[in-house]
Amino acid sequence: MNFSEVLKQSNQLCKVSPDGKYLATCVQYRLVVRDINTLQILHLYTCLDQVMHMEWSSDSLFILCAMYKRGLVQVWSLEQPDWHCKIDEGSIGLVSSRWSPDGRHILNTTEFNLRITVWSLCTKSVSYIKYPKACQKGMDFTADGRYMALAERRECKDYISVFVCDDWHLLRHFESETQDLAGLEWSPNGCVLAVWDNCLEYKILLYSLDGRLLSSYSAYEWSLGIKSVSWSPSSQFLAVGSFDEKVRILNHITWKKITEFEHPATIVNTKAVVFKEVEKRPVVGSEDLSIHQLTMDNSLFSTQSKYEITQLPTQVPVIKPDPDRANPKIGVSAMAFSADNRYLATKNDNMPQSLWVWDMQRLGLLAVLEQTAPVRCFVWDPRRPRLALCTGNTKVYLWSPAGCVSVNVPVEGSFQVQSLFWHCSGSSLILLSKEQLCLCYMEAEEEK
Amino acid sequence: MGDWWTPTMMPDPSLDTKELSSISGISMSPSRRNSHHSLHSTMALPKTSYSVLSAFCTEENISQCIAYISQEVCSLGLTGVSLECKSGGLSAVPVLNLLYEVLQLQRRAQRALHELESQQLKNGSDLEHLQHSNCRLKDQLEHTRRENSGLHEGERQLQLKIKTLQNCLKSEKEEVQKLQSIISSRATQYNHDTKRKERECSKLKERLNQLLVDKRDKKLAIEVSNYVGRSDGKRSLWKTGKMEARHEGEMYRALLSDYETRQRSLMLENSELKKVLQHMKKDMIAILSPKKLCVKMEPADDSLEQAGSEGEEETADSSRETLEQSCEQAREQLTNSIRLQWRKLKSHMERLDSQVSLVACQEREAEELMSRKEHEEEMQRIRLELQQCKEFIHMQQQLLQQQLSAPCDDETAALLNDCYTLEEKERLKEEWRLFNEQKRNFERERKNFTEAAIRLGHERKTFEEDRAAWLKTQFLNMTPFVDRKRPALPEPHSALSVSTEPEAKLQSTPPLLTKSLSYTVFSTPKAAPVKMPSTADLYRTLQLIPESRGHGKCQSGEMLPKSRLRSCSTDCSVISLVRDENSPI
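Which chain is which? The protein sequence lines are A and B, in order. The first sequence begins at 1 in the UniProt record's numbering and counts up one residue at a time. The second sequence begins at 1 in the UniProt record's numbering and counts up one residue at a time.
These are computed hints drawn from the structure, not numbers from a lab. Keep in mind it's a predicted model, so treat the numbers as computed, not measured. A hint or two may mislead.
Here are some chain A residues pointing at chain B (derived, C-beta under 10 Å) [said to hold, decoys possible]:
#1 S77
#2 K86
#3 G103
#4 R104
#5 F112
#6 C122
#7 R154
#8 D167
#9 I253
Label pairs and their in silico Cβ distance ranges [as the list claims (entries may be wrong)]:
#10 P317/A x R186/B: 36 to 42 Å
#11 A221/B x E5/A: 40 to 46 Å
#12 R362/A x A221/B: 54 to 60 Å
#13 H173/A x A187/B: 27 to 33 Å
#14 K320/A x L268/B: 48 to 54 Å
Quick look at which bits of chain A chain B covers, simulated, 3 or more residues with Cβ under 8 Å [said to hold, decoys possible]:
#15 187-196
#16 199-212
For every residue, glycine included, the Cβ atom is placed at its ideal position computed from N, Cα and C.
Construct the complete structure from the given sequences, taking the supplied hints into account.
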């Protein structure tokens, strides 16, 4: 495992182009595009203000930089560095900006969710979509980029509009059977739309592309409901994480529950392996404080850690959520399927230090990673069953079916990994600290 | 109490009979003062008056007395008849009778009195006891009454509490209802408000939108240096009805393709499953068919059923083959046949199970009978082997450990050391063996010695006996009748007389020898073999033996102790021989 030198970034704005060739980072009001392999600067663009949001177009030809405070969006072209485009949303304000899947339209959501403005780079035309709903995830494109589903709110009722992204033709418009729609998400094959209600009611609805209600599912009533939803890459499973600390897996044929994964505080499942991170402060004896130690400069100050397999049954550290506050820290808030559909990683909010990995073939618990600090972020390798996670310290952790490893980021000073993501080839991992970034190359490990 | 009563009751009837029997001749004589006295006492007459006054009867008033007494007696129901005599005096017999009667009466009365007294005592104690118990019971009653009242009080209180609690509950319920209604009203209110707000909000948004549109926000603009071509390279199209239709078509196509892929995958899965099912079925048939052969020996109905189902199976098979495509009809058939097969397999398995268990049982029994011994032997052998193996392993381990623990240069030394110790051990073992052998020899010798000692003791005893006998014969020889008894014996030598005893002994102790002798003797003169020699024969042989032994005896006359010794020695040798035979065992 090799690490690159540390680069600067701000606002965690660092994206790899969809084709995997370039790395774009924002430093204050500057946009830097580098070659992913050499990390040499290819282009340098200067924006009008500090960039709040940055996004690659799907064809890796354009980069969008949004400055929400000013209500401005600037677009840069990689092919023609002198080409530029500036979109001003004017006095109405801007809260969100994104590319349409074709990479030729920009969708700006104005303040108060008043409307969505669709700007075309081809025709300079502008069109509006009224009544978008302000919610957790009110807009989603299909994976092939042909359709967009949008949650709307009109006359105190939830509606869903399906647009054809080609020409923004409204394909379907139907009322959804939700009290207060919280989010929607297309299945990866783009044929089923999962729609879920907000946390006051456990309700998930499945609509076909043509607006037919395929099924609805509710696990229980009178208690806080869905917290997170995730499709498996094959569209075969729909994982629904809820406030009752369970994940329910629905199948794609009957849309009924296949199984549910509990997150018990005491793990007794003998088929599961519990990896516990154990920190070890290096013992610095007087003779150890020699050249050898000093060359490994930062290891002197950072703690080493390793995983130990815990004997079952074992207790997982649990925090007690404050019941008087809204959005209590309990329940499954994040789930991710591995690219090969075999594994599901989940995080239960009242066990913030633990990450759970489930085997989708056996439909059972496979591993639990018990970290010393709360898990910040976990991402699957897009190619292999390999999970990377970080906990806000100087280490990056990797899990694979073969085992678990903790790697210290060997850079000068302290590099506290706040978030991370994979390069689309799975060959490297981009680690982000508060104001820096670092590439971690996995080739060496792969060769082994 | 009843027990106590019976003996007192018993004498009563006898007394009565006595009374009756003696009634006829009762007469009373007042001469006996004490009887009178006793009578008086029973009659509860004041003693004082009797003692103070002059005697009841004097010479003068005898007749009056008699009359009085007879009257009294009559009044007592004793028929004091004719106390007065013709002679003017009192005849003793009736008086005595009367007296006796009176005495009896008195005794009975006294006994009754006693009984009554004791009864009274008893009754008194009973009464006391009853009073006591009564008191106790009263106390108890009081106590229970108090308790009862306490409980009643408790109950009352509890009921009160219940009542209050019920009231509370009712009020709580009411409150809950109230709260619920409040909540619902609030909820409706809230919903209403939110709706209103939302409506307002949307109205505001609308207005804002309108304003924005009307105002023509100068800033709202896009600046593009030059237009970009579409990513697909095509030009954008106008929005027309045709486009709409195309979109619809595309959507449906997408859906259709999705359904198709799904159907294809399902078909694939289905065919896989079917294949598996077929395979399973084939396997089942394969498993079941050999069984059919053996089953045919079994009850006919079973095999018949088997055959029938088999035939049906084949038809189903063939039909299924043709119906593979349209699974609607085939499905049922398939599942049915599979189910049938499965059931058969199950029953077959069960039967097999039972058979196996039966056979196993029988085998076990047979084996148990036959080869327990073998088993044990085998077990013993295996155990021995195990032990050996264990030892071997242990030794190896030890060696290994030694090897491991010892540094490399010490290895050879350790090895040598090991060799030495092994040698030493061998030697020690050898010595131990020798020592054991010696010990055994010694033991044997000791045993022989003790044996000899015992024999010597025996000899000595017999010698003593012999001597005593000899002395006796000597003594007897002195008497005249001895001569008569032994006329046939050869000239008795002083020492020879002793030999008679050994003869007798010979006769008694080694009868076999004599017998064989007699055999040899008798067989020659007579053809018919005599099994048991009669006493006459015996005598004859005895006579013969002395003859044959005559000179032997004469010889051995002085050498008796020597011959004894010899016999002893032979005996000894025999015994030692036996010992030798025994020793290896």
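Tell me, in ascending order, the numbers of any earlier hints that this structure violates. none
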